[in-house]
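Listed below are the residues making up each chain.
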Amino acid sequence: MHSLTKDQLLWIPNGQAGVMSLLRPLLLDVVPTIQQTAALALGRLANYNDDLAEAVVKGDILPQLVYSLAEQNRFYKKAAAFVLRAVAKHSPQLAQAIVDCGALDTLVICLEDFDPGVKESAAWALGYIARHNAELSQAVVDAGAVPLLVLCIQEPEIALKRIAASDLSDISKHSPELAQTVVDAGAIAHLAQMILNPDAKLKRQVLSALSQIAKHSVDLAEMVVEAEIFPVVLTCLKDKDEYVKKNASTLIREIAKHTPELSQLIVNAGGVAAVIDCIGSCKGNIRLPGIMMLGYVAAHSENLAMAVIISKGVPQLSACLSEEPEDHIKAATAWALAQIGRHTPEHARAVAVTNILPVLLSLYMSAESSEDLQVKVLPHDSKARRLFVTSGGLKKVQEIKAEPGSLLQEYINSINNCYPEEIVRYYSPGYSDTLLQRVDSYQPLTN
Amino acid sequence: MASLARLQARSALLGHQYYFRNSVVDAFRKKENEAAGKIQSWFRGCQVRTYIRYLHRVVTVIQKWWRSYLGKKCYQNKIKLAYHDMKMNIYNAMAVRIQKRWRGYKVRKYGFNYYYFKEYLRAISETNDAVREALDDFADMREREEKKADLEREEKKRDYAARKMHYLLSTKQIPGVYNSPFRKEPDPWELRLQKAKPLTHQRPKARKKRPHSLSSWLACTSTRSFPRSHTLPPIDRKQCQGPFRDVSDVLKQRYKPLEPTMRVAEPINSLKEARIEFRRLELSRNVQENMFLPFSSYHKKERYIPSIHLSSKYGPDAYGYHRFRDESPNKWIGGKDFQTILPSFDLFSKYGKSYSKAGQIL
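If you read the sequences in order, they're chains A and B. Here UniProt numbering is used: position 4 in the first sequence is 4, and no number is missing along the way. Here UniProt numbering is used: position 190 in the second sequence is 190, and no number is missing along the way.
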């Protein structure tokens, strides 16, 4: 039985039908060890690829597994839960098939078992089922899994805590009602306590769970904040693990984006500085939630934008803009800078001082946000205008060929209106040609 | 008769004359009447015209006065209105001034207070610096802890290696591997080997890792579990002989909460505490603490006559006046006085609470 690993089955692509029909009667064997091993083999097969998982489903094995789950010992339960999880992870249809054969109730019963290994397998299976879409999550919640998951979080086993936290995160990410159900079961207090745990993977899951809860509405975000996560969450921004940092900045972003009061709270707790440092120490996609958080905070009001500016956010954002190779991160950074700069001339000057405008211009793709920034900047500040011209920005703007009537053309027109006409003409392409033409057509006055 | 004839001759003439004179006079009369009428009417006309002229003059005066009165009234109204307008304008202007100042003040103090904002931003930057410092410290501390943990692990590994290799220690006769005679000094491993205690034979078995699920099952079962030992009894032992009590009874008995007897539950100085409590209640109840004194000054005049026992100069008699314990604290061995303790009897303290059913009426 142990020899039937996935490697061998790779070489027998047509063998799955035969294997299923062989394994199925073994599940009903008298000797418990054989049952467990058969279940384990089925699990490994289903884990490997989704055709095999479909074959497991089609071979009517699931009802048998579910039926015998209730009575057997803990090794069988672990193996059966492993099979269910392996089948559920591939696609929503397979997960739906598992729900249809009544596995949810049995899995929930397994969650109440004494053995933490059984609890872990059951919780993992439920997590994979709930991950796919909102209906499946709702089915998991209706089976009464959430209070048991909250109990699982309090267990001393780290692996069990991780799985339970990732389950709660998967359940609450789909809709506000599900998140509310998770909150009503009292999950937030326990999740907030576990932020201090030294284990990195646990912190990842806990932070992701809290951010999925907080993202749906202002009330949920306020409840998360009331669990006194600040300033503890800021220490997570200094963690060595990259994903812990990313999830922590995601959590702070989801809280900051709802209302100005919540952003104010974060700013008062020194969160902006911590996020800026975190952006400085990361690379690539990890930075993205932090950048967006700065954008959201600055967008709410000009006081908050000024707070972001004095926390030295703008140099950091411009460094990001210049360094990052990826387009969407650059777009996000440009958007954040636009939010900071759009309030008053003071803000705009702070942004312009970092010489970021030519860089912005050179990003053709993110043109809308940068044009927005420029349209607001240039009418106000003569210094900014001068900077714009000397850094070759005006030249580039003339070179941008846009269709008349488009938004880009309007922006270009408003920028051109800030400057006297000769200068606009001087920088427009082909000026030297027109000059030469005039020279040609000019007849010198001969006395 | 002659006269009569004369008269009669004359009478025809008279008649004619009479008629003629009357008719002439009549003719004149009409003329004169008309003339008189004319004159009268003219005169009356003049009179009336004068009167009318007079009336006109008078009416003009009246009208003049009346119109001047109306005009003045109108003018006064206009003046009043203009004055009122002027006043209102002044008030408005003053109100605008006040509003200007007030709105400027309000906006600068409550709407956008520049100095508050500056302070706020300064406070924010200070908080930011503090947070950054704290986070840096935290990161440093964590790094240091990790390095320390790494070093300790290395140390432990090296110790264990030394203990395993203790036989490579050099003897008097044969220099060991790490103590080559060509070296100036022995290798540091040599010193380590000298300090290491050799491993005993039991060690490998004791260090064998228990299967993860089993120990964690033992670790995570709820509080209602039996005390753990590292080895479980063998499974194939004979079953213990019954009959056994119901598990719920056993557990109830095991985990019964503490119910101390009355003797233990009362504190040892309950009498003293009761006295203090009583005094405290009195204190809270009473309005003032002085005892009520008698009104009359009858007793003030009484001289106090001490008794014979108290008025002797040899001191009062020892027996009956002292307590049976000596009251000079400097002679006490311990620092504290005896305490009054009321013993209680525990006849009924175990009633209905013991495990066995002995004595219960079934």
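Mixed in with the good hints there might be a few duds.
[Unchecked claim] Now the in silico label distances, taken between C-beta atoms and shown as ranges:
#	chain 1	residue 1	chain 2	residue 2	range
1	B	ALA130	A	ASP241	23 to 31 Å
2	A	LYS58	B	ARG153	27 to 35 Å
3	B	GLU146	A	ASP50	38 to 46 Å
4	B	ALA134	A	ASP241	49 to 57 Å
5	A	ALA189	B	GLU146	25 to 33 Å
6	A	THR344	B	ALA149	17 to 25 Å
7	A	ALA200	B	ARG153	44 to 52 Å
8	A	LYS201	B	ASP140	55 to 63 Å
9	A	PRO231	B	ARG153	45 to 53 Å
10	B	ALA134	A	PRO32	50 to 58 Å
11	B	ALA134	A	LYS201	21 to 29 Å
12	B	LYS164	A	LYS201	32 to 40 Å
13	A	ASP51	B	ALA149	40 to 48 Å
Calculated directly from the structure, the hints in this document are not laboratory data. Ideal placement from N, C-alpha and C gives every residue a C-beta, glycine not left out.
Open item on the list: Can you tell me whether the CB distance of A/PRO231 to B/ARG153 sits inside 45 to 53 Å?
Closed with: Once the Cβ atoms are compared, 32 Å apart, the range 45 to 53 Å for B/ARG153 and A/PRO231 is violated.
Handout entry: Cβ distance range 50 to 58 Å for B/ALA134 and A/PRO32, holds or violated
Key = holds, 56 Å
TODO: Confirm or reject the claim that A/LYS201 and B/ASP140 have a C-beta distance inside 55 to 63 Å.
DONE: Hint violated: Cβ distance 24 Å, outside 55 to 63 Å.
Kindly confirm whether 32 to 40 Å is satisfied by the beta carbon distance between B/LYS164 and A/LYS201. This hint holds: roughly 34 Å between Cβ atoms.
Holds or violated: 27 to 35 Å for the Cβ distance of A/LYS58 and B/ARG153?
Violated, since A/LYS58 and B/ARG153 (Cβ atoms, about 51 Å apart) do not stay within the stated range.
Next on the checklist: Does the beta carbon distance between A/ASP51 and B/ALA149 stay inside 40 to 48 Å, or does it fall outside?
Outcome noted: holds, 47 Å
Note whether the CB distance of A/THR344 and B/ALA149 lies within 17 to 25 Å or breaks it. Violated, since A/THR344 and B/ALA149 (Cβ atoms, about 51 Å apart) do not stay within the stated range.
Check the following: the C-beta atoms of B/ALA134 and A/LYS201 are separated by a distance inside 21 to 29 Å. Cβ of B/ALA134 to Cβ of A/LYS201: about 25 Å, so the range 21 to 29 Å holds.
| message | The hint says 44 to 52 Å between A/ALA200 and B/ARG153; measuring C-beta to C-beta, is that right? | response | violated, 18 Å
Outcome for the supplied range 49 to 57 Å, where the beta carbon pair is B/ALA134 and A/ASP241: Violated: the Cβ-Cβ distance is about 20 Å, outside 49 to 57 Å.
query: Lying within 25 to 33 Å: is that true of the beta-carbon distance A/ALA189 to B/GLU146?
result: The hint (25 to 33 Å, Cβ to Cβ) holds, given that A/ALA189 and B/GLU146 are roughly 30 Å apart.
**Prompt:** Given a hinted range of 38 to 46 Å, is it respected by the beta-carbon distance of B/GLU146 and A/ASP50?
**Reply:** Holds, at about 41 Å.
Violated hints for the displayed structure, listed by number in ascending order: 2, 4, 6, 7, 8 and 9.
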